[in-house]
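Peer 1: Spelled out, the chains give:
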Amino acid sequence: MGARSASLLGRGLLGIYLSVLVVLPIAALLARSSHGGLSAFWREVSSPEAQAAIKLTLGVSVVVVIVNGLFGTLIAWVMVRDEFRGKKVVNALIDLPFALPTIVAGVVLLALYGKGGPFGVDITFTRAAVVMALLFVTLPFVARSVQPVLLELDGSAEEAAASLGAGRLTVFRRIVLPALTPAIISGIALSFARALGEFGSVVLISGNLPFKTEVGSVYIFGQIQNENLPAAAAVSVVLMLFALVVLAALTLFTRSRSKHVR
Amino acid sequence: MAIEVRDVTKRFGTFTALDDVCLRVGDGALTALLGPSGSGKSTLLRIIAGLETPDSGSVQIGEEEVTRAPARARGVGFVFQHYAPFKHMTVADNVAFGLKVRRRPKAEIHARVEELLALVRLDGLAERYPSQLSGGQQQRMALARALAPEPKVLLLDEPFGALDAQVRAELREWLRRLHEEIHVTTIFVTHDQEEAMEVAEQIVVMNAGRIEQAGAPRELYEAPRNEFVMSFVGPVNRLGDAFLRPHDIQILPGGDSSPGSTEALVRRVVHLGFEVRVELTLQDGRDVWAQVTRDTTQELEVEEGQILTVRLPAPRVFAA
Numbered sequence: 001m002g003a004r005s006a007s008l009l010g011r012g013l014l015g016i017y018l019s020v021l022v023v024l025p026i027a028a029l030l031a032r033s034s035h036g037g038l039s040a041f042w043r044e045v046s047s048p049e050a051q052a053a054i055k056l057t058l059g060v061s062v063v064v065v066i067v068n069g070l071f072g073t074l075i076a077w078v079m080v081r082d083e084f085r086g087k088k089v090v091n092a093l094i095d096l097p098f099a100l101p102t103i104v105a106g107v108v109l110l111a112l113y114g115k116g117g118p119f120g121v122d123i124t125f126t127r128a129a130v131v132m133a134l135l136f137v138t139l140p141f142v143a144r145s146v147q148p149v150l151l152e153l154d155g156s157a158e159e160a161a162a163s164l165g166a167g168r169l170t171v172f173r174r175i176v177l178p179a180l181t182p183a184i185i186s187g188i189a190l191s192f193a194r195a196l197g198e199f200g201s202v203v204l205i206s207g208n209l210p211f212k213t214e215v216g217s218v219y220i221f222g223q224i225q226n227e228n229l230p231a232a233a234a235v236s237v238v239l240m241l242f243a244l245v246v247l248a249a250l251t252l253f254t255r256s257r258s259k260h261v262r
Numbered sequence: 001m002a003i004e005v006r007d008v009t010k011r012f013g014t015f016t017a018l019d020d021v022c023l024r025v026g027d028g029a030l031t032a033l034l035g036p037s038g039s040g041k042s043t044l045l046r047i048i049a050g051l052e053t054p055d056s057g058s059v060q061i062g063e064e065e066v067t068r069a070p071a072r073a074r075g076v077g078f079v080f081q082h083y084a085p086f087k088h089m090t091v092a093d094n095v096a097f098g099l100k101v102r103r104r105p106k107a108e109i110h111a112r113v114e115e116l117l118a119l120v121r122l123d124g125l126a127e128r129y130p131s132q133l134s135g136g137q138q139q140r141m142a143l144a145r146a147l148a149p150e151p152k153v154l155l156l157d158e159p160f161g162a163l164d165a166q167v168r169a170e171l172r173e174w175l176r177r178l179h180e181e182i183h184v185t186t187i188f189v190t191h192d193q194e195e196a197m198e199v200a201e202q203i204v205v206m207n208a209g210r211i212e213q214a215g216a217p218r219e220l221y222e223a224p225r226n227e228f229v230m231s232f233v234g235p236v237n238r239l240g241d242a243f244l245r246p247h248d249i250q251i252l253p254g255g256d257s258s259p260g261s262t263e264a265l266v267r268r269v270v271h272l273g274f275e276v277r278v279e280l281t282l283q284d285g286r287d288v289w290a291q292v293t294r295d296t297t298q299e300l301e302v303e304e305g306q307i308l309t310v311r312l313p314a315p316r317v318f319a320a
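Heads up: the sequence lines are chains A and B, in that order.
Its first residue numbered 1, the first sequence is counted upward by one per residue in our numbering.
Its first residue numbered 1, the second sequence is counted upward by one per residue in our numbering.
One chain only, chain B, in its complex shape (with noise of 0.2 Å):
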C-alpha cells in the first residue's frame, strides 16, 4: 500500500530529529531512505510504524490516516538491527506471534509457519531457540515474523547492519528477490549507498532532519541536486567548490596532450580486483583519485611514482 507522510516534525529535548518532511511511497515500491547516522532515517521509519509520535504532521498508509493510531493496528511489519529476537521461545512461535495474536486456528498457524520458514530458508530449525541460530538466521526468523500476519508495508531498520559482509551481501540479493516474491510496499533504513544502490528502486537521501532528494538510483547518482547527494551516492574527488566522480577522470597513453589534459605523479596505485584505485596528485598540486579498469593499468603500464598525463571532466559546482 502506499505511504504519505505529510510535513512531519519530531523534536527530541533540543535537538531536531526530522524538520518538515514530506515523503511519498508508492505501492509496492522497494524505498531505501539513506543517510548518516543522525539524519532522522531511523526515526522517520520508526514513525510510519507507529513506535514514535511526530510533533507535527500526519502519516497516512493506503487510504487511512495513521497518525495517532498504535503501532499494533497499523498493520505493518518491523524488522530491527539487532533481531529483537523472543528468546524464550522457538522460531515457529516466533514466527506464529502476530497470528496467535490475531488467534487465528490453530492448522492455519501452523501451515503459515511452515510456508514463511520455507520462504526464509529455515525450515528444519522450526524448534530450535533464537540463541542457537546464527546473526543472519535470526535475521531471516525476524523477517518471516514480520511478514506472517501479512502487513501492508514492510519496514526494515538497519536491517543487515549487524551481519558480516558476506552474510549481508547474501541478504541484499535475497531480500531484493523476496520483494519481487511477494510485492509488498517496503522501506528499509540503511547509512551504506551501495547497499541502497544495489536494493531499492527508489532512494531517499537524508540528512540533518531532511530529505536532501528523492528518485531511482541512478538519477541520484547522475544528476545529484546537491553537494550532500553528490558527496554521499558514489565516491567524488573534491576540488574546492568543484566535484569530480573518479571514473570520469581520464589516463591518457603517453604523448597525448589534447586540450584539457594535465600532468599528474602517481602517488599509488591500489589493485581491487578489476577495479584499480589510482590515486594522483596534480600539476598544481592537488590530489585525486582515479578509478581505471585493470586493463587500462596494464596497457598504459601505470606505476607508482610515474608522471602521466589525465583528462579531468568538466567538473560540477553546486550553488551555496
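Isolated chain A (complex conformation) (with noise of 0.2 Å):
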C-alpha cells in the first residue's frame, strides 16, 4: 500500500468517525429543532422559560470566565515560577476536576456549601452555588493551558525588560502577559464552551429554578421529561450556535495576535 493510498484511507477514516461522532448528531440536532419551521423554532427559544434558562446560563458562563482566566493563570504563574513544599500534590490536585465525575462534584459541593456544611454556609439553590460549581469543573482549563508555555518562555526576555528599566508590574504586563495571551484565550475558550453544557455538578446544587437558578443543560433534561423534544432540541441549537461562535472568535483572535511569535 503506497504512502498516497494510506494517507487517502487515514484520511477516510477520520472522516467516518467525525461523521458518526460529531456530524450526524448535530445534523439531528438541526434537523430536528426546524421540525416546525423557523416559526416553531423560535416560539421555543423565546418562550420566558428558555430565554431565562439561556440568559442565566451565559451570565454565569461569562462570569466564570474571568474569573477562571484571572486564577487559571495565577495557579500557573505560582506552580512554574515557584517552589514550594507539596508542590506535585498541589499539581496533581489541579487536575481533580478533570478525573472526578461530575456528579460526584455536585455531591461534594452540596456536602460542603449545603445545609449544615462545615462551614456553616448554604449556597444551595442560588445563583453563586451555579457559578461555584462551574468555576470547579473548569478549574483545570486556563492553568493546564498556561502551564507549558509559561515554562517554555525564555526568561531572557524579561531579564532584558528589566535591564531596560522595566518594573515587575511592567514586565509583567508587556512582556509575559502578551506571551500568555493565547493560552489564556483558548484556555478560556474552552471553559466557556464547558461551563455552557455543564449539567453534572449543577444539577444538585442549583435546585433547578425556573427563571432563578436553572441553566440551559437542566432545563433542556427538564424539557426531555416532558416529552417536548422541539424545545430541547431548540435550545440545544443555542447553546450549541453559542459555543461555536465564541470558540471561532477567540481562535481568529488568538492566531491574529501570535502570527509574529514563533
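Treat the hints loosely; a few may be bogus.
[Claimed, not checked] Label pairs and their computed distance ranges (CB to CB):
id: 1; chain 1: A; residue 1: V62; chain 2: B; residue 2: R176; range: 55 to 61 Å
id: 2; chain 1: A; residue 1: A92; chain 2: B; residue 2: E115; range: 52 to 58 Å
id: 3; chain 1: A; residue 1: F172; chain 2: B; residue 2: R294; range: 58 to 64 Å
id: 4; chain 1: A; residue 1: L18; chain 2: B; residue 2: D192; range: 52 to 58 Å
id: 5; chain 1: A; residue 1: L153; chain 2: B; residue 2: T16; range: 25 to 31 Å
[Stated by the list, open to error] Capping the alpha-carbon separation at 25 Å, the derived lysine to aspartate or glutamate pairs in DMTMM-like fashion look like this:
id: 6; chain 1: B; residue 1: K100; chain 2: A; residue 2: D154
id: 7; chain 1: B; residue 1: K87; chain 2: A; residue 2: E152
id: 8; chain 1: B; residue 1: K87; chain 2: A; residue 2: D95
id: 9; chain 1: B; residue 1: K152; chain 2: B; residue 2: E180
id: 10; chain 1: B; residue 1: K152; chain 2: B; residue 2: E108
id: 11; chain 1: B; residue 1: K106; chain 2: B; residue 2: E127
id: 12; chain 1: B; residue 1: K87; chain 2: B; residue 2: D164
id: 13; chain 1: B; residue 1: K152; chain 2: B; residue 2: E181
Calculated directly from the structure, the hints in this document are not laboratory data.
Every residue, glycine too, gets a C-beta built ideally from N, C-alpha and C.
Fit chain to chain and form the complex, with the hints in mind.
Peer 2: Structure follows, in C-alpha cells:
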C-alpha cells in the first residue's frame, strides 16, 4: 500500500469517525429543532423559561470565564515560578476536576456548601452555587493551557526588559502577558464551552428553580422529561451556536495575535 | 563609567561560580571576560548587571554603589546570547521599549529609534517582527535596544555565540567600530580567545570562578602569568611541564646543525592559506606542531614523511 493510499485511508477513517460522532448528531439536532419551521423554533427559544435559562447560562459562563482567566493564570504562575513543599500534590490536585465525575463534584459541593455543611454556609439553590460548581469543573482549563507556555518562556526577555528599566509589573504586563495571551484565550474558550453545557455538577446544588437557578442544560433535560423534544432541541441549538461562535472568535483573535510569535 | 567589583563571591548550591573576585574596568574601556564554560564569566557579568545578587562583595558603577540595586535602576544595557527579542513587538517597538518605560516624549522616541536603527543598519526593517529577521539582524536589534536609553555601561553575554562564523566575524569588527564611535564602557563575555584578542582592549581571563590574569591582549600573550593563561590565550605545545608557542618553533634549512637544533619527522602538513601547520615528531618521540608561513614550507620544500632540522625556543615553565 503506497503512502498516498494510506493517507487516503486515514482521511477516510477520520471522516467516518467524525461523521458518526459529531456531524450526524449535530445534523439530527438541527433537523429536529427545525421540524416545525423557523417560527416554531423561534417560539420554543423565546418562551420565557427558555429565555431565562439561556440568559442565566450565558451570564454565569461569562463570570466563570473571567474568574478562571485570572485564577488559572495565577495558578500556572505559582506552579511554574515558585518552589514550595507539596508542589507535586497541588499539581495533581489541579487535575482533580477532570478526573472526578461531575455528579460526584456536585455531591461534594452539596456536602460542603449545603445545609449543615462544615463551613456553616448554605449556598444551595442560589446563582452563586451555579457559579461555584462551574468554577470547580472548569478550574484546570486555563491553568493547564498556560502552564506549559510559561514553562517554555525564555526568561532572558524578562531580564532584558528589567535591564531596560521596566519594573516588575511592567515586565509582566508588557512582556509576559502578551506571550501568555494565546494560551489564556484558548483556556478561556474551552472553559466557556464547558460552562455552557455543564450539567452534572450543577443539577444537584442549583435546585433548578426556573427563572432563578435553572441553566440551559437542566432546562433541556426537563423538557425531554416532559416529552417536549422540539423545545429541548431548539435550546440545544442555541447553546451550540454560542459555543461555536465564541470558539471561532477566540481562535481568530489568538491567531491574529500570535502571528509573529514563534 | 568605570566599574569596580570588589571581593565578589557567588555560590549556586554547592557550586562556587565566583570565588572572591575583584575587577576594575576603566571608563570607556572595551573589555573581554574570557574563559571556558563554568569559569564564572557570565555570572560576573550578570552580577554587574543586577540580574544576580552576589553572596558577598560589592559592585560599583561610576561613583554609585549598586550591589543591592535592582537591574532596572543600574542604567546598564544588556545583550543576551540568544538575542532575547520581544517577539510580539516590531523592531521599532523593541528598540523603543527602554524609552517608553522612561516615558520620554513620542517625538524624541521616534527620532532616537530612527537614529539607532541607522546605526545598527536596520533602517527599513522597523516594522518587521523579530521572527522575520536573521540571527545577526536580531542581535543588532538587541544592541540598538540596549543602547537606546543611553546606558552607563554596555554588557554583552556571548553576543556572537549563536551566529555562524561569517556573521560573527562581521559583527566583531562592527562592535569594535561602534565602540570607537560611542565610547560607552563595554564588557563582553566570550569563550573564544581569538574573538577576545580581536575586539577587546583589555582581556580578563577567568577560570574556575577566579580571575587568572587581566591585561592587554599582547601582554597576556607574551607574558602569561601561569599555565592556564598560556594555554588558553593562543596556541601552545606542551612538553611535560614546559610550554612552547608553535610559531616559536623554527624549521631550519637542511645541513644546519647549530646548537639547540634537533631532528624531527614531518607527520603531517596542513595548509590553512598563508599559515601552515607542520606536525612533527621530535627525535625523543614527543609530538609538537610548528606554525610557519606558506613561503617557508615552499622554500624549504617541507613534505610529509621528511626528516628535517628544527630549533626549539627556550620553553616556558611555570611554578606549580
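Peer 1: All the hints need checking, so say for each whether the structure fits it.
Peer 2: Each hint, compared with the structure:
1. With their beta carbons about 58 Å apart, V62(A) and R176(B) fall inside the hinted range of 55 to 61 Å.
2. Between A92(A) and E115(B) the C-beta distance comes to about 54 Å, which sits within the given range of 52 to 58 Å.
3. Between F172(A) and R294(B) the C-beta distance comes to about 59 Å, which sits within the given range of 58 to 64 Å.
4. Between L18(A) and D192(B), the C-beta spacing of about 55 Å keeps the proposed range 52 to 58 Å intact.
5. Checked against the given bound of 25 to 31 Å, the beta carbons of L153(A) and T16(B), roughly 29 Å apart, stay inside it.
6. For the hint pairing K100(B) with D154(A), the CA-to-CA distance comes to about 22 Å; that is within 25 Å, so the pair holds.
7. Note on K87(B) and E152(A): the hinted pairing holds, with a Cα-Cα distance of about 14 Å set against a maximum of 25 Å.
8. About 31 Å separates the Cα atoms of K87(B) and D95(A), which puts this hinted pair outside 25 Å; it is violated.
9. Of the supplied pair hints, the one linking K152(B) and E180(B) holds, its CA atoms being roughly 15 Å apart against a limit of 25 Å.
10. Under the criterion of a C-alpha separation no larger than 25 Å, the hint pairing K152(B) with E108(B) is consistent with the structure, at around 20 Å.
11. Distance hint between K106(B) and E127(B) is fulfilled; the C-alpha atoms sit about 17 Å from each other, no more than 25 Å.
12. With a CA separation close to 22 Å, the supplied pair K87(B) and D164(B) stays within the 25 Å bound.
13. For the proposed pair K152(B) and E181(B), the alpha carbon gap of about 15 Å is at most 25 Å, so the pair holds.
Consistency with the previously given hints fails for number 8 only.
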